[in-house]
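Student: Now for the letters of each chain:
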Amino acid sequence: MKKYSILLSTAFAIMLLFNACKKDMTEINATNPNQFSGSEGRLMITGAELANVLVNGGEAARMAGIFSGYFTGADRQYLSLHQYSYTAGDFDNVWGTLYAEGVAQCRLIKDRAKASNDMVLHSVAAITEANLLLTASGLWGDIPQSEACNNGIAEPKYDNMDDVHAYCIGLLDSAARYVAGSNAHSGAYEGGQDWGQVAATLKARALLRKGDYSGAAAAAANGVSAGKDLKSNHSADVPGAWNLYYDFCYWNRGGYMTCENSYLSTLLDSASTTKRHNAKTNEDARFAFYYSSGTADNYSTRDPNYLDGIFASANGFTVVGYAENQLILAECASRLGNNDKALEHLNNVRTTNAGTFANGLYDAYDLADFGPGKMVQGTNTTEALRMEILVEKYASLFGQLETYSDLRRTKNAIGVPLNTGTQMPQRFLFPQSEINSNSKVPKNQLDKFLPLTYFQ
Amino acid sequence: MKKVSHSISKCILLAFSALALPTLGYAQSASEDTLLMEEVSINAAGLSKSARKIGYGTSQIKSKAISTSGESGLIQSLTGKASNVQITRSTGDPGAGAYIQIRGQNTITGSNQPLIVVDGVPVSNSSLGGGIDGVVQQSRLNDINPADIEDIQILKGAAAAAIWGTRAANGVIMVTTKKGKKGLNIEFSSSLSLDEVNREFEKQERFGQGVNGAWRANNALSWGDKIADRSGTDKVNQTGAKFVSEDGSVQYPITEKGDKTIYNQSNRDQVFRTGVTWNNNISISSASEKGGVYFSASDWNQNGILAGNSDYRRTTGRLNFDYNVNSQLTLSLKNTVAKVFSNRVQMGSNLNGLYLGYLRTPSDFDNSDYFGTYYNAAGVGTMNSHRGYRNYMGSAAPTYNNPGWTLNKQVNTSDVTRFIVTPELQYKWLENSTFIARVGYDQSTDRRITYFPYRSAASASTGSFGDNLITESELSMHFINQSSHKIGNKINLDATLGYLYTDRNFFQIGGSAINFIITDQDRFGFFNATNENMTPFNSISRTLNDRYYGMFDFDYDNKVFLQLATAAEASSTFANRFWSPSASLSYEFTRDIKIPTLSYGKLRTSWGRVGVAPPAYITGTNYVSASSASGWGELLDASYFGGSIYRSTTSGNPDIRPEMKQELEIGADLKFLDNKISIGATYYTNTINDIILATAVPASTGFTNKWLNAGTISNTGYELDWNIQLMKKKDFNWNLYGNIGTNRNIVEDLNGSKSIFLAGFTGVSSRAVEGEAMGTLWGGRWKRNESGALMLDAEGFPQPDAEEGILGDPNPTWKGGFGTNISYKGLFVNVLFEACQGNQMWGGTYGVMNYFGVSKETGEEFIMSAEQGTTIKDYDGNTAADWVDPNSDGTYTVRGKLEDFGGGNVWLNQGWYTTNGGGFGPVGEQFIYDASWFRLRELSIRYDLPKNVLRALHIPGASIGFTGRNLALWTNVEGLDPETNLTGVSNGRGLDYFNNPGTKSYVFSLSIKI
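Read top to bottom, the protein sequences are chains A and B.
Counting with our numbering, you get residues 1 to 456 for the letters of the first sequence.
Counting with our numbering, you get residues 10001 to 11010 for the letters of the second sequence.
Misleading hints may appear alongside valid ones.
What the hints assert, rightly or not - Label pairs and their in silico Cβ distance ranges:
1. B:10625 / A:308: 25 to 35 Å
2. A:358 / B:10377: 21 to 31 Å
3. A:358 / B:10378: 22 to 32 Å
4. A:308 / B:10968: 58 to 68 Å
5. A:146 / B:10214: 50 to 60 Å
6. B:10216 / A:354: 36 to 46 Å
Unchecked claim - Lysine to any residue pairs mimicking SDA-like chemistry, simulated, CA-CA at most 25 Å apart:
7. A:440 / B:10752
8. B:10873 / A:419
9. B:10783 / A:270
10. A:443 / B:10873
11. B:10783 / A:422
12. A:157 / B:10770
13. B:10897 / B:10950
Claimed, not checked - Non-contacting residues of chain A with respect to chain B, defined by C-beta distances greater than 10 Å in every case (computed):
14. 120
15. 192
16. 214
17. 225
18. 228
19. 266
20. 358
21. 374
22. 383
23. 391
24. 418
These are calculated hints, taken from the structure and not from any lab test.
Glycine included, C-beta positions come from ideal geometry on N, C-alpha and C.
The shape of chain A in the complex, shown without the other chains (with noise of 0.2 Å):
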C-alpha cells in the first residue's frame, strides 16, 4: 500500500511539475520579439536616404577626394590610400550601404508607394535610387542594376555603365513628373531641396559624365536653384546625427585625414605661389570656411575646417547642389561654344559665393579678363574661361564626390598633382564581398588604373 501512495504522489508531482512549467513548443519562437517584421515605406525612406548621405560623403568621398587633392592621407590606413594603396576588401563597406541599406530599401519603397499610389513617395525613392546608382557607376563603372536587389537572384549580373546611366535617368525623368516643387520625405535632408530639381541635376550629372553637353545643359535649366541644395540634416548634436566629415576626421579618427599640402588649399591660400586670388578674386574667407589649424582640437597644421566651417559637426553636407548646377551650365555653354553663356553661370556661381562667404571678393568676370596675360591666364579666351569654370567646379564641390568624375573625365585637366607614381586611380575595385560569391563580377575589370568606359 505504501508503496502505491508513494508511486501515486511521485506521479502526481511530476503531473504538477510538468503542467506548471511545459509551455507549447511552436508558439514560443514564431514571432521575434525583439525586432519588427514589416514596416511602411514612408517610414523605410528615411533609411535609405541616409545610406545615400553615407555614400556620397562618408568613407568613397573620402577616398575620391585624397585622389582628387582635396585630403591628404595622414595616418594609420589612410596613409597607405594616400599612396593610391588599396584593395577589394577595402569597399566591401560601402557596397553594403549602396546596395543592402540604399537601392534594395528604394525598391522595397516604391512596390509599397506603388501599391497605395503614393506618387511622391515613389518618386522620392527613385531619385534615391539613381543618385545611389550614378554614384555607384562613376566609381565603378559596370555595376549590378537589372538584377540587383531581386530576392530570386544569387549572382546579380553586371550591367554596362551605359545601361545604367540611362536606367537611372528613366528614373529620373517619371520621378520629376510628381515632385516638381516637393520637398517631401525629406527626413535624411535639411529639406530645402526642390525634389524635382534634384531630380535634374542629377540628370545633367549622368549626362555630363557621357559628354552630352546639350542634353547636360538641358536637363541642368531645369536643376537646382540658389538656395535648394539637397543637404544632408545634422542639426542633432550626437554621435549618430553628425557630419560624416566631422564625425570622421574630428570624432572617431582624428588626424587621419589632413588637408596638409593638398592640392585645393594651395589654390585657395593667399600664402600659397599657385593661390587664385586675383583683382576681382580673394579666397582668404572660403579658405577660412574650409581648412582650420591652430587650436587644441585641430590634428595637424591645415584640418579639414570641421570646428567652424563647411564640416562643422552640424552643417549639412550638400549631396546635389546649385554649384554643381550652374557650374555644369557653364561647362556645357563653354563647350557647344557659347562663352557669354558660359561666363553669366559661371558669374552666378561667383555672386552665391559672395554671399556664402561673406569677407571674400567674388565680383562678376568679363569675357576681357580671360585670356594670355589677362586675370585669368589661358591660351585663349575660352580656354582661360574654360579653366576657370572647370577649377571653381573643383573648389566648389569640396568634399564632394563628383569632382572625381570630372577629373577622369577631362584627364585632370586642371593638373591636379598625383601623390605617387604617374597616373590618378581611375576606378574603385570591386569589393571582396562581390568577388567571393559573384561569379559575375567582370573579371577584366580589376585594375584600379583601368579607367571606366566614360572616361577612356
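Dock chain B against chain A, hints included.
Tutor: Here is chain B on its own, set in the frame of chain A:
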C-alpha cells in the same frame, strides 16, 4: 542502482582536501580513468556506469587534479589533462573566460562550446560579449567552486551526445559535485597565489616622440629625434598654460625638447603589479545509512596583475543533501549559490584600452602624471583633466588614454549572482527498475557597468556610461527510468528510457548615457545626461527543447558490450521532431585471448548522429531601425532623423533545417605488464552538414547576409592517452602520464561563398574559408607572381595584392600534455608540460608597434657606407643623404634597417613602416607568426604532515603545498603569451591586437582537517 566507490576515497584526507596535491591516483585521474578496470564513469545520462562497458571515448578528471591546478576557474583547470580538449584562456585578466574545444569545431557562426551538465542538469556556460574591443568577460561555468567538484567526465563524441541532443554536438562536460562522506569531516584550506605578467613587449629606447626625425609634442608616433642627442633638459614656457597633477607636480608647455630620460621602465611599472589572490575554503561533510550532507563555503579574492581596477572575487556556498527515506526512495537536493564581483580592464582595438595607450607611448614620455587640473593661458582651471602622450598638457581628452587613466579612472564592473538548484527523486519501484525525476534550475544575473569619465579618450571624451543587466535562466526537467534485465544466461540488458525538457530564457535590459552634465563626480546613473543623450535597450529570447530517448546497453558474457540509443527531439526553433541515433560496441578481447604481457585489452567503436537545432528567430527577415556606418566608427543613425524602420540587411530563411553531425570513432584500451602501462587510442572522423550560417551574399542582391543551411565541416583526429607506472612501492610511487591529440578540421563547403567572417578587422580577420580549417586567418597579402615570388615595385619594395587571401591557420596540428608524478612518503610532486604546435597567429600588436616606431625592431640604428648613403632608397624615394648629414668618415648613421626583398637592398624606415610595412598598411601577411608553444603548465609539490605530528596536533590531517603555473614558456612569438584571443570565446581565433597579457602564478597552500 549500483553503489560505487571511488578508488580515491580511501585516502580520506586527500579526498577532502580542496587544495590537495597529487595523489597516488593522480595520473590515472588526470588522464585516462577509463583505462582502469574497476573505475567508474558517468554515462551520458548522468548515471554511474563501469568504464569498461563504455564504447566511446571519454576522459575523466578527478577533484585532485582540479584543485591542484591553482586555477580560479573550473574550465582553465582542465587544460592539458585530456586529449583533444583544447582550452584557450582569453587573456590573463582575473576571472577571464576561456574557450573550450573538443575534437575541433563543429559549426561556423553558432557556438562551438560543449554542453555543461552539473549533477545531471544542463547549466549555462555563456560568455556574453567579446568583440575586438571592450573588456574580457567571464565564462559562467567558472562560477562553480572548483573545490566542490568530485569529478569531471568529458564525453567527446557524437555517440555520447545522443542523450543530450542538440547542444551536445560539441561534446558534453559532466560535472559531479561532492556528496557527504562517512563520519564528520571538516576541512579548512587556504591558499595565496602571486601572479606575474608572463610575457611583455620590448620597446625601443633610442628615438623620441615625433615624425621625420624631429620631436613633436602630442604626435602619435615615435619616429622623432634621437634622444641621446638632446641637450638634457626641457625648455618650457612657465608664463601661460600649465597642468598640475594630483601630487602637485607641474607640467608646462615645452618650447624645446631636451629631456634625455627614458621612461619605459616607469611606464611599465605603472601598468603591472604582482597580482595577489587569497583563496579560502571550508567544507563540512557527513553521511550515514540514511543519507549524507556536504556543505562548503569559499571565497576567492584576486587582484590582477594590472595595477588598477582589475580584480575578481567569487564567494560561493553549497549544500548537497541526500536522504534515503527507505530502501526504495531517495530524495536529494543540491544547491549552490555564487556571488562574483569583478573589475575588468578595457582592451583591444579601443582608444580607451590599456595596452593600446601603454604600448604606443613613446619612450621619452612619462605617463605618471595623468590626472590633475589643466590651467589655460588665462589661468582658468579645468579639474579632472586627463594627460597622456597625445595631449601632454591635458588641455582636452588625449587621443589615446593614458594607461593610468584606463586602469584607475575607468570603471568596468561585473556583478553576478548565480544559483543552481537541483532537487531529485529516485524511486526503486521494482527490484530491477529505478525511476528518477530531476529538476534543475539555473539562474544568473550579471549587472555590468561601463564608465568612462569625462575626458576619457576618443568618443568617450564627454563621458560615457552604460548599465546592463543580463539575466539567464534554464529550467530543465529530466525523467529517467532505468531497468536491468537478464536475457538468457549470458546477456544482460540495461534499458534507460528518458524524457528531457529544457526551457532557456535570456533577458537583458540596460542603457547608455553620454555627454555628462556634471563632469567631476563619478556617478553611475543615467541622471547625469540629458534625455537626448540616453539610449535604453532590452532584448529577450526564449527557446524550448524536449527530447525522448531510449538507451539500451547489452552486455554479453561481460566481455562484449553493445549500446544502442535513439532520441527524438523537438525545438521551438524548428517545428519537426528530428532523430538522433547512436550505437557503440566494445569487446574486451583479453577475456578470450591471452596475450603475454597484455593484461587488459578492449576494442571499441561507436557511431552517432546528432542534430543541432537552429537558433531562434532566423526564419523571418526582420525590419530594423535604420543606421548606416562606414566601419571607421562614423555613422548615421535614423533615430536622430525622425526614425526609420527598414528591412534588415540579413535575410531570414523559413526553410532552415537543423545542422547534422555524424561521427565514427574507433579505439582501443590496452594495459600491459599487470596494468603498469596503460594506453588508450582513438581515431575519429566526423562531418557536420547543413551548417546554419548568415552567409555573406553579394550585397548587390539587396542583402549582405542570408541565413542558409550552407556549410559542411569535417574533423578527423587521433587521440592517445597513456599512463606508465614506473614504480609502485609502499612509500614510493612514480608515474609518467600524458595525452596527445590531433585534429584536422576542414571547411568543406560554404555554398559558394569563398569565406565567412568570424571575427577581427577589415584588414585581418579570422574566417571560415572553403577548403581550409575553421578560423583561417585572412587578409591582405603581398602581390606575387605565379611561382610565388614577390612582385616588387621599381624601387624593390613589395606591393600589396588587390585581393585578400589566406594568411595562416590558427589551429594547432597537435596538442598534448605530458607529465610525471612522484610520491615519497608524505611528499607529492607533479609536473605537467603542455604543448600546442603548428598554430599561427596574427600579431596585430607587433605590426602596429612597428607603425608607431615603438617596437625594438624600429629603434635600431645602423651605418650605411658613403656609397649606400646616396644610392639606397627608402620607401619615399629618399636616400640617407636626404635624411642626415654624413659622419666624419663619409658614412651615414641612420635609423631602420636594410632589407632585400629580392630586388636589391632597400632601406626600411618611417616611410615604409607607416605605410605598407606597418600594422595599419594593407598587408597583414607580414605579421602572421608561428604561434606554437610549449610550456611548463604546472609544477606542484605537496607535503602531508606525518602521523606523529598530526597526533601531537590532535588533528587527523594537514598538508602544505606549492603550485607554480606557467613557470616556463617556450615560443617564437615575441612580446606575448600566444595563448590568448582578442575576441574571447568566439569562433574567430588567433588574433592579437592589444590584448591584455597572460600570467604566471606561484600558489602556496595550506590545508587542515579537524
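Student: Against each hint, give a clear statement of whether it holds in the structure.
Tutor: Do the hints match the structure? See the list:
no. : hint                        : verdict
1   : B:10625 / A:308: 25 to 35 Å : holds, 31 Å
2   : A:358 / B:10377: 21 to 31 Å : holds, 30 Å
3   : A:358 / B:10378: 22 to 32 Å : holds, 29 Å
4   : A:308 / B:10968: 58 to 68 Å : holds, 59 Å
5   : A:146 / B:10214: 50 to 60 Å : holds, 56 Å
6   : B:10216 / A:354: 36 to 46 Å : holds, 39 Å
7   : A:440 / B:10752             : holds, 13 Å
8   : B:10873 / A:419             : holds, 18 Å
9   : B:10783 / A:270             : violated, 43 Å
10  : A:443 / B:10873             : violated, 35 Å
11  : B:10783 / A:422             : holds, 20 Å
12  : A:157 / B:10770             : holds, 23 Å
13  : B:10897 / B:10950           : violated, 67 Å
14  : 120                         : holds, 17 Å
15  : 192                         : holds, 16 Å
16  : 214                         : holds, 33 Å
17  : 225                         : holds, 25 Å
18  : 228                         : holds, 20 Å
19  : 266                         : holds, 20 Å
20  : 358                         : holds, 29 Å
21  : 374                         : holds, 38 Å
22  : 383                         : holds, 34 Å
23  : 391                         : holds, 29 Å
24  : 418                         : holds, 14 Å
Hint violations for this structure: numbers 9, 10 and 13, all remaining hints satisfied.
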